[in-house]
Structure formats: structure tokens, C-alpha cells
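Could you build the full structure based on these sequences and the hints that come with them?
Here the protein sequences come in this chain order: R, L, W and P.
The numbers in my numbering rise by one with no breaks, and the one at position 57 of the first sequence is 57.
The numbers in my numbering rise by one with no breaks, and the one at position 7 of the second sequence is 7.
The numbers in my numbering rise by one with no breaks, and the one at position 130 of the third sequence is 130.
The numbers in my numbering rise by one with no breaks, and the one at position 35 of the fourth sequence is 35.
Just so you know, the hints here were simulated from the structure itself, not pulled from any lab data.
Do not rely on the hints blindly, as some may be mistaken.
Note that identical chains are pooled: a pair holds if it fits in a single copy or bridges any two copies.
Claimed, not checked - Straight-line alpha carbon distances no greater than 25 Å define the calculated SDA-like cross-link-like pairs of lysine to any residue that follow:
#, residue 1, residue 2
1, Lys-69, Gly-86
2, Lys-259, Thr-37
3, Lys-326, Asn-19
4, Lys-155, Glu-12
5, Lys-326, His-93
6, Lys-24, Arg-132
7, Lys-23, Lys-327
8, Lys-22, Gln-76
9, Lys-115, Arg-73
10, Lys-327, His-93
11, Lys-326, Glu-118
12, Lys-59, Ser-31
13, Lys-22, Asp-303
14, Lys-201, Phe-20
15, Lys-259, Arg-6
16, Lys-63, Gly-120
17, Lys-22, Gln-78
18, Lys-259, Met-1
19, Lys-69, Arg-132
20, Lys-63, Thr-37
21, Lys-22, Asp-324
Remember, predicted model here, so these are calculated numbers, not experimental data.
Listed below are the residues making up each chain.
Protein chains: 4
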Amino acid sequence: MLVIMRHGASQEQIENVINFIKKKGFDAHVSTGELHTVIGCVGGKVVDPRDIELLDGVKEVIKITSSYKLASRIFQPQDTVIEVNGIKFGGSHTGVIAGPCTIESYEEMDETAAKLKETGVKILRGGAFKPRTSPYAFQGMGEEGLKIIREVADKYGMAVTSEVMEISQIPMFLDYVDILQVGARNMQNFNLLKELGYVNKPVMVKRGLSATFEELLMAAEYVMSGGNREVILCERGIRTFERVTRNTLDLSAIPVIKKLSHLPIIIDPSHGTGLRDKVAPMSRAAVAAGCDGLIIEVHYDPDTALCDGAQSLYPEQFSDLYSDLKKIAPIVGKSIDTQEIKTV
Amino acid sequence: MLVIMRHGASQEQIENVINFIKKKGFDAHVSTGELHTVIGCVGGKVVDPRDIELLDGVKEVIKITSSYKLASRIFQPQDTVIEVNGIKFGGSHTGVIAGPCTIESYEEMDETAAKLKETGVKILRGGAFKPRTSPYAFQGMGEEGLKIIREVADKYGMAVTSEVMEISQIPMFLDYVDILQVGARNMQNFNLLKELGYVNKPVMVKRGLSATFEELLMAAEYVMSGGNREVILCERGIRTFERVTRNTLDLSAIPVIKKLSHLPIIIDPSHGTGLRDKVAPMSRAAVAAGCDGLIIEVHYDPDTALCDGAQSLYPEQFSDLYSDLKKIAPIVGKSIDTQEIKTV
Amino acid sequence: MLVIMRHGASQEQIENVINFIKKKGFDAHVSTGELHTVIGCVGGKVVDPRDIELLDGVKEVIKITSSYKLASRIFQPQDTVIEVNGIKFGGSHTGVIAGPCTIESYEEMDETAAKLKETGVKILRGGAFKPRTSPYAFQGMGEEGLKIIREVADKYGMAVTSEVMEISQIPMFLDYVDILQVGARNMQNFNLLKELGYVNKPVMVKRGLSATFEELLMAAEYVMSGGNREVILCERGIRTFERVTRNTLDLSAIPVIKKLSHLPIIIDPSHGTGLRDKVAPMSRAAVAAGCDGLIIEVHYDPDTALCDGAQSLYPEQFSDLYSDLKKIAPIVGKSIDTQEIKTV
Amino acid sequence: MLVIMRHGASQEQIENVINFIKKKGFDAHVSTGELHTVIGCVGGKVVDPRDIELLDGVKEVIKITSSYKLASRIFQPQDTVIEVNGIKFGGSHTGVIAGPCTIESYEEMDETAAKLKETGVKILRGGAFKPRTSPYAFQGMGEEGLKIIREVADKYGMAVTSEVMEISQIPMFLDYVDILQVGARNMQNFNLLKELGYVNKPVMVKRGLSATFEELLMAAEYVMSGGNREVILCERGIRTFERVTRNTLDLSAIPVIKKLSHLPIIIDPSHGTGLRDKVAPMSRAAVAAGCDGLIIEVHYDPDTALCDGAQSLYPEQFSDLYSDLKKIAPIVGKSIDTQEIKTV
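Okay, structure coming up:
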């Protein structure tokens with residue numbers, strides 16, 4: 001931490017700050033510049049920088065050490081690669097997850113999964129518990145839904161990812177799913193994150209609507225500090241003044257996170273844009289920017305979908321997109337792992 | 001819901017939309033304007049407007065009915081007035097809540113409460129479970145803290161408000177506190193909100209960092225739909241591009257919420273600005289704008305506070321502010337209820 | 001400027017940074033902390049901090065000296081008080097400016113000004129050149145409008161403020177107006193600001209829709225660096241995700257600007273909210289927060305206004321508000337100067 | 001325009017609205033739904049929707065016709081393709097513009113252009129007049145700079161683009177440049193836009209930091225309404241709460257603008273991210289999303305650049321990127337036109 005004194009701060013003010021810092025358990029290193037005196041604070045104690053900012057003569061206080069360690073690339077220079085059902089996220093791998101927004105029925109999951117398997121997908125998504133803005137909207141099928149998605153996934157040799165909303169749901173989820181998702185609205189549900197640190201399955205943490213990259217990495221740190229190092233980060237759009245798109249999908253998340261962290265960063269273009277005709281362009285863009293994975297909403301018949309049909313691709317649209325992505329990935333040194341399709 | 005067709009939409013496109021709407025269970029009322037055909041949809045079924053927006057020839061789809069009902073002023077024209085320990089929020093009343101950010105020790109709460117009682121405060125705040133961005137920061141005293149705040153409040157004849165973070169904590173909170181707070185980061189923790197609907201104590205819901213007013217009212221609706229009609233809304237600053245202030249305190253929340261809803265709207269200037277020297281001006285502003293209450297951080301010795309000391313007022317600053325607020329309130333037709341101070 | 005090296009940066013990386021800095025004309029002062037080496041850069045040359053950020057081993061670069069000087073309270077500790085027609089902005093004074101959005105006709109200005117004079121207003125506002133989002137909307141009366149507002153103001157002993165949009169319009173404005181306004185969309189029209197630095201009349205600079213406080217002060221600096229020290233800053237709402245209000249009026253501008261700068265800060269609640277019924281509460285709030293002035297849209301008959309009638313007050317609403325403001329100001333140590341109304 | 005009456009609005013309120021609408025010159029078509037009465041307003045007059053919103057019993061007012069016409073794809077279904085020096089923007093073409101942020105000297109432009117020509121670039125960028133936040137920063141070489149860039153471009157058979165900041169500069173720019181740029185801070189400098197409507201060279205309009213897509217299209221409409229139909233739109237990042245990147249580059253601009261408008265949309269990844277190591281990933285992403293062009297900052301020696309060196313690519317980085325882009329474009333049905341490099 002560095003304390004920058006105002007131009008013209010008195011010797012008394014400087015000493016007052018030094019005393020305050022020492023009282024908080026820091027060592028103080030003073031250096032005097034042309035215009036400003038700068039006090040470096042060394043030591044392990046935690047202090048709120050604003051406490052110092054309020055002292056007389058202080059211009060600014062600057063925190064240096066970032067608050068995340070386990071998630072930081074400084075802590076681990078090489079990429080974390082997470083493998084689920086033969087599909088890898090991170091390093092030179094771009095994993096693809098697909099499926100409907102919500103689990104609606106066995107038939108819906110079965111028909112959708114059949115199409116996805118044909119395309120080469122090996123991880124199936126689908127919500128069983130849905131965070132809905134309105135208490136009067138469909139809230140998901142619950143455990144019944146998890147049973148369905150598991151059964152269908154097993155039938156087609158696929159893995160499962162689904163969103164967990166509550167600590168009390170974790171044991172149930174461990175019975176059915178392979179990747180536990182934390183939704184954007186729960187990204188700072190710190191109790192939930194902490195509990196997921198004790199789970200031995202990968203956790204996907206979605207960036208909150210107004211979360212900074214640092215806060216996203218801190219959310220990952222919560223999970224990792226419990227012992228679980230398999231965290232996948234997911235950019236799914238942030239809230240800005242622009243309302244033509246549902247959210248503003250921030251693809252700079254890809255180079256930014258890759259510089260700051262060793263964790264894989266994947267993109268959700270379906271929630272990120274909210275409209276089907278924007279999903280394919282943004283998926284291609286994400287792969288071209290070097291993302292470690294994609295999670296895309298696909299429904300065997302979007303017109304009848306109970307939820308978010310408007311942002312779900314038709315199976316044939318997805319299949320075309322998938323084929324484009326396989327061409328783009330190698331240009332940026334990545335490959336899209338895919339289900340081997342046995343043709344007799 | 002209204003479907004606006006594009007200028008020049010064909011008869012076939014219009015009929016296609018009408019068929020789609022009817023299939024979803026609506027009645028369709030067509031009216032043809034100079035430039036646009038407008039299709040009114042009548043009926044109770046839920047449909048995602050984007051599903052219609054994607055049909056050929058559709059320009060825009062407009063939802064008419066707002067999704068909140070119980071929280072709406074249309075549902076209840078007169079103000080909801082919530083009374084806790086003789087202090088009222090709503091109508092012509094402006095209630096004041098004060099106390100430290102965090103419960104740190106018996107001594108801290110006792111010294112702070114003694115000062116607040118002198119000023120006239122009858123509701124004490126203090127966090128026992130703290131949502132902290134970093135897993136390595138102090139996370140609060142837990143139930144031990146709740147015991148302390150209850151004991152101190154009882155000593156001074158005060159009521160208690162504190163933040164509940166988890167469904168599993170609700171029974172514990174009911175033993176100690178009089179108002180259950182839902183923090184900004186939990187404003188869309190829908191399961192928690194739902195459970196609080198079954199509680200028979202007032203619930204204070206804080207606006208999320210990037211929540212619209214409509215979403216805040218929907219959060220209240222979640223609580224109210226469970227049966228609990230005692231909801232206090234709290235504006236505590238939103239996240240914008242400006243970073244000099246910790247958040248941007250949106251005081252227009254006061255006239256906006258008062259027009260849309262009958263629920264009381266209170267202001268948290270401490271989190272809303274993040275710096276002590278901004279708290280007093282913004283508190284005065286909030287009362288002048290007609291708010292139904294304030295929740296202000298005060299610490300008997302902010303320099304030693306474990307958390308958010310920088311935004312906590314000194315007791316004497318708070319006392320001066322309180323006296324200003326009592327002068328401003330009557331100018332806008334409100335009064336600040338206060339503890340009778342018995343002088344022998 | 002301070003360069004923070006990454007934890008574990010090599011000696012070679014540190015020396016490379018020092019060489020780079022010296023090449024740019026700085027002196028380098030190295031101090032070695034527990035975790036990080038910090039290099040202080042002293043000297044007058046300008047460098048883009050990002051150039052250093054890109055060097056190997058660099059964690060962060062921190063600029064210390066703020067870019068504005070003339071506008072800074074460090075440069076001038078006492079408040080700048082600007083007086084126009086006997087009305088003062090700054091210090092213990094809160095000046096009020098009122099009038100319609102647009103100059104529409106002599107009759108409109110005359111009827112509005114007559115009402116405002118009765119209330120006690122001495123500075124009249126009105127747009128002659130209107131920045132309109134659409135090229136097809138009414139663009140203002142131009143010089144004809146300026147003639148009208150001047151004539152009406154003279155009739156009632158008032159001063160005039162109006163928005164100048166173009167360098168080429170400045171000489172014309174000097175003939176008619178007493179305060180030259182720079183609109184939010186022009187806040188970074190640096191050429192215009194520079195020219196206004198050579199004018200010897202006060203300039204009011206409105207905060208841009210997405211301008212930080214620092215950028216607003218830099219805009220003032222542009223004017224001041226030309227020699228004109230009479231700059232009034234105006235908060236008129238910023239753009240956020242919330243769309244119920246036209247903009248989010250950021251009243252924390254008042255304590256923030258007053259701390260950073262000696263220049264007066266006034267509030268425009270009409271553009272800041274965009275709806276008449278929000279104007280009075282936010283005006284009261286602004287005065288309670290200690291603003292140095294208000295600029296409010298009032299129209300003698302808002303229902304017939306050509307522009308922004310929806311955010312214009314009726315004269316009787318304004319008169320009631322004005323009387324409230326005169327009661328609130330003294331509570332915060334300010335007074336609202338007013339036109340003496342001679343009663344025979 | 002549609003006026004939605006509140007649930008339970010009285011017959012008198014409805015009639016009052018109808019009278020108001022008719023007084024404003026509209027025809028009113030009333031249709032009564034289950035819950036709401038909706039009044040359709042037909043006719044050509046302009047009215048501020050908020051005027052009606054303030055009438056008793058009104059819930060909401062919805063504008064239907066979009067304000068831009070010439071820029072709209074409804075007005076012109078086929079893509080506008082703009083050709084400059086053999087390079088096309090729009091349709092199946094992705095044009096590339098490159099060059100330094102600022103024109104610093106003949107040598108700088110000459111060395112940079114020589115490198116760019118080798119890569120295949122045919123349009124050179126470089127600022128002569130720089131909009132700088134600080135009045136104390138380097139403001140550009142002015143006309144001297146324009147002479148240099150023209151001379152260098154002619155030497156290598158290239159075209160020139162540069163930012164015009166002022167109406168009075170237009171004639172000078174017409175002497176030297178082939179595309180006139182309007183910067184983000186000037187996107188709503190309506191007078192400047194209007195004047196550029198009378199120019200017979202292409203105009204590139206950059207999206208403002210907080211401009212919506214609709215406002216960007218309205219800015220284009222200003223130019224087009226003067227007669228100049230050659231407008232290129234440019235996304236260069238918007239301002240959000242995230243500050244790790246200088247701006248948030250909103251690549252969804254590509255599919256969004258392509259749906260709403262026939263005008264070409266190009267991307268500026270240099271300003272959009274502000275850091276060199278983010279430029280290549282975002283450029284690849286933009287081409288994969290189907291953009292009509294890119295404008296990229298390249299400097300022959302970024303370490304010595306006077307301005308924005310940190311976001312400028314080294315020539316060899318640019319050359320590698322360019323070769324990637326040529327591979328990605330065909331996957332999305334586009335091609336990158338390039339300078340024929342004659343090898344003897």
C-alpha cells in the first residue's frame with residue numbers, strides 16, 4: 001500500500017499518517033518526490049485504504065497487492081486445463097457446452113441431446129432451478145429435471161452442467177451433475193461459493209451483471225480457498241446503458257482474464273446478447289479471440305421453449321455454427337474437441 | 001402486450017403473427033395505423049416477447065402489464081407505514097436507523113448505542129455476517145454478534161436490524177432481530193426472498209448494484225407473494241462509470257418509488273457514497289427529497305472500526321446531522337420520530 | 001508517477017524499467033518493499049502510463065499529480081464566487097436560474113419572465129440553438145431567439161444565460177447573453193472550450209453524460225487556461241442502466257466537487273430527471289446538499305411548450321418550490337439571493 | 001405512438017387524453033383490452049411522449065416510428081458499399097485502415113507507411129488535430145501534419161483518413177484527406193455533422209462513449225440528411241463500470257447495426273481496449289463477427305510514439321495479425337481487400 005501525500009502537506013501531517021500506519025501494524029517507508037511525499041506501507045495486516053484517505057494531507061491511497069492469489073497467474077503461470085468427459089477447457093482447448101435453457105420434459109431433453117450428439121457435443125446444459133425476476137414465472141422442474149437431464153446424458157454418453165442456487169441443493173446436485181454452475185445473480189453469494197470450495201467437481205462461475213474482472217476473480221478465489229481448484233470462469237454480458245441487446249457481451253474478458261489468471265474463461269453468447277441472430281456472430285468472435293470454451297443455448301424446437309426460446313439456436317443453426325468454429329479455432333492455436341461420431 | 005409490425009409488413013406476415021399469438025393462448029386485436037399495423041394481445045398466459053420479436057415483419061413487442069402487483073401503488077393507493085419500536089417508515093414519517101457497520105464487541109456496541117440513544121435513535125444496526133469481496137477479510141462475529149446487539153439494544157430500549165445472508169440463518173435471526181435486511185448482493189437471491197415472505201417481521205430489501213427500480217420492486221414482490229407485506233425498500237447506490245464515489249447514490253429513487261409503489265423507501269448514504277464527508281450532505285438531501293427513512297453508519301470511534309470506518313460518522317457528527325434533519329423534514333411535510341429523552 | 005513491479009520481478013526487468021524512465025526524462029527513485037519494488041518517477045515530462053505498464057515485470061503504473069491545476073482547490077483554497085446581476089454562485093450563496101427550455105416567441109418569454117420576476121428570479125434561461133438528437137426536430141430560433149430573450153430580460157431587469165454550440169457563434173452570444181452555457185454533448189468540444197477561455201463573461205460547463213468528475217474539471221481547466229476564471233460547473237445527470245429516469249442525477253457531485261475544486265457547482269434537476277414531478281424533490285435535495293445554484297426549467301404554459309414541456313414546472317409550482325428552497329438553504333449555511341420585489 | 005392507459009383509468013381521463021392528442025394534430029384510435037385501454041395516435045406531427053405521460057391515468061407512451069430513415073435498412077435493404085482507393089467497406093468486403101495515432105513527423109509517417117504498404121494496407125490513418133482531455137497535452141501538428149500524411153500516402157499509393165474537429169477545418173481537410181472522421185467526443189456535435197452532409201467524401205462517425213446504437217444511427221442521419229450518403233459507422237468502445245480496459249469494446253455492434261442499417265460498421269480495437277496485447281484478439285473477433293472493416297493503430301516504433309503508443313501495434317505484430325484476418329474473413333463470407341504487392 002502506498003500513501004500519496006498532497007502537494008504541500010505539512011511535516012506534522014506526514015508524521016500523523018506514519019503514526020496511524022504503524023498503529024495498524026505496518027512499517028512505513030517514506031520517500032520524498034519533487035511534489036509529493038509517498039509513504040510505502042509494508043506488512044501483512046488488513047486496513048481499509050479509505051481510513052487513511054481521510055487523514056489530513058493525504059491525496060490518495062493505492063493498494064498494490066491484488067486480493068486474489070490462488071486464481072492469479074503469478075501464483076500459477078501455466079494454464080489450468082479442466083477436463084470433463086473428454087472435453088477440455090483451457091490451454092490449447094476450446095470446449096463446447098450446449099443444451100436448452102430449461103429442462104422442460106424428457107422428450108425435450110432427449111430430442112435436443114440427440115441432435116447435439118450428432119453435431120459432436122459431449123456436455124449437456126439445462127436448468128432445473130431457474131432464477132426468475134418474477135415470482136409468478138416458471139421456476140423450473142427441480143430435482144425431477146435433474147433426473148431427466150442425467151438420464152438423457154447417460155443415454156448419449158454426455159456429461160451434465162446445471163445451475164445450483166442454494167447451499168442446501170449441493171448434495172442433490174452432486175448426484176446428478178458433472179459441472180456445478182453459479183449464476184450471475186449469485187456471483188457474490190459468498191456462502192454458496194465457500195461451500196462449493198469443498199466439492200470435488202468443477203465449478204463454473206458466471207460474471208455478475210455489474211461485476212468487475214477483479215470481483216469475478218475474487219469469486220473464484222472463494223471457491224479455490226476451500227480447496228477446489230477446478231474453476232471455470234464465464235463471461236455472459238454486463239449491464240450497460242445500451243438496451244437493444246439484453247446485456248453487453250464483453251469479449252475483452254478473454255485477453256484480460258488470460259493475462260491475470262490461469263483459469264479457463266468461457267463465453268455465454270446466448271445470455272450475453274439475448275437474441276438468436278446475435279448468437280452465431282458472437283460465438284465466432286469469442287473463438288477468434290481465443291476463448292477456452294462456449295456455453296450455447298440450443299433447443300430442438302425453440303418456438304415451443306418455455307424459457308429463453310428467443311435466444312436458443314435451432315439444431316441446424318448450431319450445427320453450421322459448430323462447423324465454422326472448428327475452422328476458426330486452429331487459426332488462433334486452439335482446437336475444439338468433439339465427440340467421435342462412429343459411422344458404421 | 002402489443003406487437004408493432006414493421007412499416008410494409010405483408011398480410012401474410014401479419015397473419016403469421018396472429019396465428020402464433022393465438023397458439024400461445026391470446027386473443028388478437030388488430031388495428032391498422034397509417035404506417036404500422038398494431039396487434040393487441042389479450043389474455044393471461046405468459047410469453048417471452050422476444051419470441052414474437054423474431055417473427056418476420058415484427059418491429060417491436062411491448063409488454064404492458066407490469067410484473068409486480070402487490071408492490072404497486074395501483075394495487076394499494078395509500079402509503080404502507082411500517083412501525084418498529086415506535087418508529088415509523090412511510091406516510092408522513094421518516095425513520096432513522098443508525099449503528100456501526102459491523103458488530104465487533106460488546107464494548108463497541110454498548111458505547112455506540114449509548115451515544116445514539118442520547119441523540120434519539122431507537123433502531124440499532126450492525127452486521128453479524130458480512131458479505132466480503134475477499135475470502136480473506138473479516139467475515140463477522142456470527143451468532144455471537146447477534147447476541148451482543150440484542151443485549152445492547154434491550155439495555156437501551158432499542159430495536160435491531162441486521163443482514164441475513166442465507167435461508168438457513170432465518171430462524172436464528174428471528175430470535176434476535178426486529179428487521180431482517182437483504183443486502184444488495186442478495187437482492188436477486190430469489191430463494192432467500194421467498195422464504196422471507198413467510199416471516200412475520202419487516203424485511204428491508206436493498207437495491208442491487210445494477211438493479212433497475214422495476215427489479216427492486218420485483219424483489220419486494222417475491223417477499224410479498226409469500227404473505228409478508230412489511231417490506232422496506234432501500235436505495236444504497238448503484239454502480240456507474242464514476243469511481244470517485246464508491247457508488248452513485250441515486251436519490252431519484254425517492255420520487256420514482258413513491259410514484260410506482262406504496263412501500264416505504266429509505267436511503268443508505270454510508271454505502272451510497274463510501275466516504276464520511278459525503279454522508280451528511282447526502283442525508284440532508286435525502287430528507288429534503290422526502291425519503292421515508294435513513295440508515296446511517298455511526299461508530300463510537302471510527303478510527304478503530306474493523307470495517308467501513310471511513311464511511312462511519314463520529315457520534316457528534318451524527319448528532320449535528322440529526323438536528324439538521326429534524327429541521328428539514330417538516331419543510332417537506334414529514335417528521336422524524338425520535339426517542340423521548342427523559343431528563344430528570 | 002509510481003511504477004509498481006510485479007512480485008518476483010527480476011533485477012533485469014527492474015533495470016529495464018529504470019532505463020526506460022530515464023530515457024523519457026525522469027529521475028527514478030527505487031524503494032524495495034516486502035513483496036514489490038516501487039519505482040518513483042520524478043520530473044516534468046509527459047508520458048503515457050500505459051507505455052510503462054507494457055514493460056516486462058510491471059504490475060501497475062500510478063499517476064499522482066492531477067491534471068487540473070487552475071480548477072483545483074489546492075491551487076486556490078477559498079471558494080470562487082461568481083456574481084451575475086446581483087445573484088451570487090458559490091461561497092454561502094445559492095443562485096437560481098429559471099426559464100423555458102427553448103425560446104419560442106416573444107409572448108412565451110414575456111409571460112414566463114413576468115411570472116419568474118414575481119417569484120424573485122433575476123437570471124433567465126432559454127435556448128436559441130438546440131442540440132437535438134434528430135435532424136428533423138425543431139432546432140431553435142437562432143439569433144432571433146437571442147434578441148427576444150435579451151429584450152425580455154431587459155424589460156424585467158434580468159440577466160440571460162443560453163447555450164452556445166459553435167465557436168463561430170461566440171461573438172453573437174457576447175452581444176446578447178451574460179452567462180455562456182456549454183451543453184453536456186459539447187463538454188469535450190475542446191476547441192470551443194479553449195475559445196471561451198478568451199471571453200470575459202462567465203461560462204457554465206455542463207457535465208457530459210458519461211464524463212467523470214475529473215473530466216468535468218479538465219473541461220473547466222481548458223476554459224481557465226485561456227484566462228477566463230469565471231467557470232460555473234453544472235451537474236445535469238449521467239447515463240446509467242436505469243431508464244425510468246431520463247438520466248441519473250448524481251447529487252454527490254456537490255460534496256465531491258466542493259472538495260476537489262473552488263469553482264461553484266450548480267444542479268439542473270430538469271434535465272437530470274426529465275419529468276416534472278421529480279424536479280421539485282430533487283431541487284430541494286440539491287439545496288439541502290449545499291449546492292451553489294440551480295437551473296430550472298419553467299414555462300408559463302408547459303402544455304404548449306415546443307420542447308421539454310414535460311420537465312418544465314408550471315409557474316405556481318416553481319413559486320412554491322422557491323419558497324421551500326429559501327427555507328432549506330439557511331439550515332446548511334447558505335442563502336438564496338432573490339430579486340427585491342417592490343411593492344408600492 | 002401508442003398511449004397505454006392505467007388499469008382502472010376513468011372514462012374522463014381517457015377522453016382528456018384523446019382531446020390532448022387531437023389538439024396536437026393526431027387522429028386517435030381507441031382499443032379497449034382486458035386490462036388496459038390503448039390509444040393509437042396517427043399523424044405526422046412531433047410531440048414529446050412525456051407530455052402525454054404526465055396526463056392523469058396514463059401508464060406509458062410508446063413511440064413506434066424510429067427517428068432515422070435514411071440510415072435504416074427498411075429504407076434501403078441492400079448493403080451500402082463504400083469504396084476508397086480500391087478498398088471496400090460493406091457487403092462482402094472488410095476494409096482495413098492502419099497507421100499511427102498521431103502524425104508526429106515526416107519520418108514517422110514514412111517509416112510506418114512503408115511497413116504498412118508491405119503488409120498490404122491501402123488506407124493510412126493519423127491524427128493532425130487531437131482531442132485531448134488535458135489542455136496541457138500535445139494537441140497535434142495541425143495542417144502541417146495533414147500535409148505530411150498526404151505526401152506520404154501519395155508516395156505509397158495510399159488514401160488518407162483523419163479526424164476533423166471543427167466546421168471551420170472542413171475545407172482544409174477536403175484538400176488532404178479521403179475519409180473525414182468524426183471522433184467519439186464529437187458524435188453529437190450536430191452542427192459539424194450537418195456540415196459534413198454537404199461534403200462529397202466519405203465520413204466515418206465514431207460511436208460516442210455513452211451513445212446508444214440508435215443515437216449513432218441518428219448521428220449518421222444528420223450527415224445523410226444533408227445529401228452525403230457515404231457514412232461509415234465505427235464502434236470504438238463504450239464507457240462502463242469496468243476500468244481494467246480503457247473502454248468496453250461492444251462487438252455486438254456488428255450484428256446489431258447490420259440488422260438495423262445498411263451502412264458499413266467497422267471496429268477500432270485500439271481505442272476500444274487501450275492496450276496493445278488486447279488489440280490482436282479483438283481484431284480477430286471483430287472479423288469473425290462479420291465486421292465491414294477495422295481501423296488499427298500501428299506505429300513503426302511504438303516505444304517512441306508521442307501519443308497512445310501503448311495501444312499501437314509493432315509493424316510485425318500487425319503483419320501477423322493481418323495474415324490471420326485474411327484467413328478468418330472467408331469463413332464468414334467476407335474478404336479482406338489488399339494492396340497488390342508487385343514482386344519483380
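Cross-check of the supplied hints:
Proximity of Lys-69 to Gly-86 under the C-alpha cut-off of 25 Å is found in neither arrangement, the shortest distances being 29 Å within a copy and 49 Å between copies. In this assembly of identical chains, the alpha carbons of Lys-259 and Thr-37 lie at most 25 Å apart only when taken from different copies (21 Å versus 32 Å within one copy). With identical chains, the CA atoms of Lys-326 and Asn-19 are never at most 25 Å apart, being 61 Å at best within one copy and 38 Å at best between copies. Taking CA atoms no more than 25 Å apart as the test, Lys-155 paired with Glu-12 passes in neither setting, with 75 Å inside one copy and 42 Å between copies.
For the homomeric pair Lys-326 and His-93, the shortest alpha-carbon distances inside one copy (11 Å) and between copies (23 Å) are both at most 25 Å. With identical chains, the CA atoms of Lys-24 and Arg-132 are at most 25 Å apart between copies only, with a shortest distance of 20 Å across copies and 45 Å within one. Taking CA atoms no more than 25 Å apart as the test, Lys-23 paired with Lys-327 passes in neither setting, with 61 Å inside one copy and 40 Å between copies. For the identical chains of this complex, Lys-22 and Gln-76 are neighbours neither inside a copy (33 Å) nor across copies (33 Å), given an alpha-carbon limit of 25 Å.
In this homomeric assembly, Lys-115 and Arg-73 never come within 25 Å of each other (Cα to Cα): the closest approach is 38 Å inside a single copy and 35 Å across copies. In this assembly of identical chains, Lys-327 and His-93 lie within 25 Å of each other by CA distance both inside one copy and across copies; the values are 14 Å within and 20 Å between. Taking the shortest Cα distances, Lys-326 and Glu-118 sit within 25 Å of each other inside one copy (15 Å), while across copies they are farther apart (31 Å). Taking the shortest alpha-carbon separations for Lys-59 and Ser-31, both the intra-copy value of 15 Å and the inter-copy value of 20 Å come in at or below 25 Å.
Taking the shortest Cα distances, Lys-22 and Asp-303 sit within 25 Å of each other only across copies (13 Å), while inside one copy they are farther apart (66 Å). Taking the closest pair of Cα atoms, Lys-201 and Phe-20 never come within 25 Å of each other, the shortest separation being 45 Å inside a single copy and 42 Å across copies. For the identical chains of this complex, Lys-259 and Arg-6 are inter-copy neighbours only, at 13 Å across copies versus 33 Å inside a copy, given an alpha-carbon limit of 25 Å. In the homo-oligomer, the alpha carbons of Lys-63 and Gly-120 never lie at most 25 Å apart, since the shortest distance is 47 Å inside one protomer and 39 Å across protomers.
Taking the closest pair of Cα atoms, Lys-22 and Gln-78 never come within 25 Å of each other, the shortest separation being 38 Å inside a single copy and 34 Å across copies. Within a single copy, Lys-259 and Met-1 get their C-alpha atoms as close as 23 Å, and across copies as close as 24 Å, so both meet the 25 Å cut-off. When the C-alpha separation of Lys-69 and Arg-132 is checked against a cutoff of 25 Å, the pair qualifies only between copies, where the shortest distance is 16 Å, while the shortest distance within a copy is 34 Å. Taking the shortest alpha-carbon separations for Lys-63 and Thr-37, both the intra-copy value of 16 Å and the inter-copy value of 14 Å come in at or below 25 Å.
Taking the closest pair of Cα atoms, Lys-22 and Asp-324 never come within 25 Å of each other, the shortest separation being 60 Å inside a single copy and 37 Å across copies.
In terms of the numbered hints stated before, the structure departs from hints 1, 3, 4, 7, 8, 9, 14, 16, 17, 21, listed from lowest to highest.
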